[in-house]
Every structure is written in C-alpha cells, then in structure tokens.
Amino acid sequence: MSLLQLETEVHGTVLVVRLFGELDHHTASSLRDQLDFELKERQISHLLLNLKHLSFMDSSGLGVILGRYKIISSRKGKMVVCSMNPIIYRIFEMSGMFKILSVKESEEEALSALGVA
Amino acid sequence: MRNMMQLTFSSRSENEALARVSVAAFLMPFDPTLEELTEIKTVISEAVTNSIIHGYDNRPDGLITIRTTIENNSVIIEVEDEGIGIANVEEARQPLFTTKPELERSGMGFTIMENFMDELEIVTGPNRGTKIRMVKHLSTQPIMSN
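Chains as they are written, first to last, in this note's numbering: chain R, 1 to 117; chain H, 1001 to 1146.
No lab work stands behind these hints, which were simulated from the structure alone.
Nothing false has been slipped in among the hints.
Once the Cα atoms are required to be at most 27 Å apart in a straight line, the calculated BS3-like pairs of lysine-lysine come out as:
1) R:Lys76 / R:Lys99
2) R:Lys40 / R:Lys78
3) R:Lys52 / R:Lys104
4) H:Lys1100 / R:Lys78
5) H:Lys1100 / H:Lys1131
6) R:Lys40 / R:Lys104
7) R:Lys99 / R:Lys78
8) R:Lys40 / R:Lys52
9) R:Lys76 / R:Lys52
10) H:Lys1100 / R:Lys70
11) H:Lys1100 / R:Lys40
12) R:Lys99 / H:Lys1100
Keep in mind it's a predicted model, so treat the numbers as computed, not measured.
Here chain R stands alone, though its shape is the one from the complex (with noise of 0.2 Å):
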C-alpha cells in the first residue's frame, strides 16, 4: 500500500484532490502522473486540494503542488489550497507560495471561493 492516497472528485469545472498520508519525493511521482491524467482526460479549470487528512508533506510535495499551479494558471484557472495543517502552512509560507495560491480553512469555504458551493 503507498503510503499516499487521493481522493478525488469533479465539481463543475474544479477537480477536488483529497490527499490522504503522506507525501514526499517517494510519493510525488505517482501523485504528479494521477493528476496530470486527470487534468489531462478532462475538462478542469480550478484545482482544490484538500490537505485535511495529508500527515506528512516536505518540499517535493511544495514542487508538485507548483508544477500543477503552472497547469492551471496557463488555463486560466485558479488554485486553492484547503485544510493544511500548522507544520505544511509553515512550508507553503516559507516558500512564497501564498502569493500565487489561496487557502481556505475548509472545503466548502474553498468550493464556494470557486464558485461551485
């Protein structure tokens, strides 16, 4: 069993990814393949991620979350990030990446800063 599950699930235009263990260089492979086949097979603009049950999440988690980021915005679409918790947002904010992606504090919060609540 990989030690990072996801979730996920299309609301309208948004793919709501929730992740689910823990996610490193180990895990970030299979998690950029999964979720480039979504954004690949189907029609999404936005991307939520709910980090609500995500345990564990160094800085190869901070590049997979980018390379997605830079899908999504040459779509025009939005990132939000949701849930995370005190130990990732330390991460994320080090890294300068609130100044491209925005977080909620919960899912229905993000769905409905996307417009699908």
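For this one, chain R is given, so just place chain H on it according to the hints.
The following block gives chain H in isolation, referenced to the frame of chain R:
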C-alpha cells in the same frame, strides 16, 4: 543522558519514509512535542532526498547514513552520503535555488532545514560526499538519569 542510533540504507526513494520514521521512533522516549517531531521528520526527509537526487543523481546503489544523538535536550542529526558533493554551497542554500528544475524540485530543502532546526552545517566537496549536521534543542526538560 546520552543516547545514539545509526542507520545506513540504500539511496532509494522508498527509504525516505524509513529514515524519518526511525529517527522519530528513537526520539519518542525523550518526549518531543508533536511539532518538534514533525519538524525533525521533515528535515530528515529533505536531507535524504538531497542525497538521493543530487548526491547520487538518482542512482539506487549508493549508501546514506543517519546518525542521531541526543544529549540532554539537544538532538544532533547527521545525514551523510558518498556522492558527488555540492559544487556551490552558498547557491544551494538560497531559497528556491535548484539545479534540477526539470524534476520539479522546489529548491526549498535547505531553507526548510534552516528554519526547522537551530543549527545547520554542511561539509562537502567535489566527489567527497556530503555531510549535513543539524542540531535542535527540544523544549522538554532533560530526562534525569540515575
């Protein structure tokens, strides 16, 4: 009170979790906070990932050694490889700097290590491997030994 552990493993990405979980398990009796433990797990992951991707250029046949020492309430962690070394340490320490943007590296590894630990020292040289030495002072009171 002084205690130490050492772990050597292959430079394979599946060992990143082993490395951080082993160090966390070793530190549990010293009663770190959940925040301190997560910070330590994160920096172990950063240093080991650097050794795999940069030190050994993703070759799986290298060896990585982690030595963790706890003395009073200070944790000293050394992560060492026998890889190609870091050509320019100053550059490597800059936030967002990476030599491998094509692999979607964020360039935040050393910045995270510096932020989550109290001290960081890098000993490296071309083809001489890299040793990262990090120190963190835990907020808990030292355990009294008899």
